[in-house]
Amino acid sequence: MTNRHARQSFLGTHAPNTFANCVVAIVGLGGGGSHIAQQLAHIGFLNVQLYDGDAAELSNLNRLIGASLDDVQNRTMKVDIARRMMLAVNPDMRIETFAGNWQLAAQSIREADVIVSCVDSYAARQDIEATARRFLIPLLDIGMDVHLIDQRPHISGQVILSLPGGPCMKCLGFLSDDNLQKEAEQYGAAGGRPQVVWANGVLASIAVGLLVDLLTGWNGLSLAGEYLHFDGNTHLVSRSPRLEFAPKTCLHFPLAEVGDPVFQ
Amino acid sequence: MITLRISDNLFEEMLHDLRRPHEYAGERVGFMHCRQNSLRSGSLLLAHKYQPIRDDQYLEDASVGARFDGSSIREAMQTALTEGTSVFHVHLHEHRGQPRFSGIDRREMRQIMPCFVNLCPERLHGALVLSADSAFANVWGADLAPEGQGPDKLSLVGPRIKLWVNHD
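Going down the list, the sequences are from chains X and W.
Using this note's numbering, read the first sequence as starting at 1 and increasing by one per residue.
Using this note's numbering, read the second sequence as starting at 1 and increasing by one per residue.
Bear in mind the hints are in silico, worked out from the structure with no lab data behind them.
Bear in mind the structure is a predicted one, so any value in this text is a computation, not a measurement.
Just so you know, even glycine gets a beta-carbon here, dropped at the ideal spot from N, CA and C.
Hints are not guaranteed to be accurate.
[Claimed, not checked] Computed from the model, here is a short list of chain W residues facing chain X with C-beta under 7 Å: (1) R35; (2) N37; (3) M77; (4) L81; (5) L119.
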């Protein structure tokens, strides 16, 4: 145990090695993913893959952790901002950056032991989960949105843990043909979705907490999956009732169907 | 780089089968099938199916924990051919913590593994020993040393992710 991590020694004697050996892929380095990246560096993760094809813009500065006005002016890629921030915390980290669609690095992301999905569309989540399931990779998904309810803005968000064999985002009702279709119909018309740094921070912190649980088992939780709902107006986090009623075994991604699809 | 990934569900299924008492065999064995996928440098083996050895395929032999007839190996080889899988011989050391192969395990594997490597030389095959909460593996392949090698990373994936990394 190095002095750097002495205050988290309750995670167990194996925790530092586990963090050092685990490869985490973060897809989306915006408001949510930048929080995740920062926390992984502090915790002691050493191997991280970063996937995002966007550069920093002025409208990102309300929430993009690690970004500066210089980054906006220089059109710095979000993955490079996250990499710089992580290396500032721990220069020993091995960080791979992919400034493009993660699908173009398909052989890289399958090396990850965990994927954290911080994307902003249902379709993107569906693609990431399909890959995670086929390659037996646990997936943590976070996201937030703001809706008008009775003319008042309402912040909501979710943290979903999708484990191979357990209920997937379709089993949980978070992804459905209906919301995928509605999203497709509105493609290009919605503009930038509302995002705020504090809600992103809450959701990212919960996801990182779940990741640490998965890897260390420090608090004895044994989750076949998780679906937490964040009410950003009351600041309460609660377990979605959908988790209780979801099938215990996923019907959409059978465990027997792994790897690249092949014809025999 | 060789990575072997096993779901917690399959791990539990194998433990359950291997713990069942047998009329005369001292222990049980089985075969785990994996899909082999390419990585940027190396292979990713994704375990997806367990093929237990049937009760009537065990032979009486008090000198070893389990001896089985040729039909069980032929069935595993047939699955490898038909379904295009990588095959791992699996057995259990009933304790907690990381298991290791015994001298008998290594001797037996030197006899069995060439069957699979010769049959499907384009794929990796291996041996896996489980404990109550851990696992240890060795991998053989046409391009590997005759004694095989440990996977660079072995992971159990479930409510608790367990990783074993070979830093050699």
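Hints versus structure:
no. : hint : in the structure
1   : R35  : holds, 3 Å
2   : N37  : holds, 5 Å
3   : M77  : violated, 16 Å
4   : L81  : violated, 10 Å
5   : L119 : violated, 16 Å
When held up to the earlier numbered hints, the structure conflicts with 3, 4, 5 and fits the remainder.
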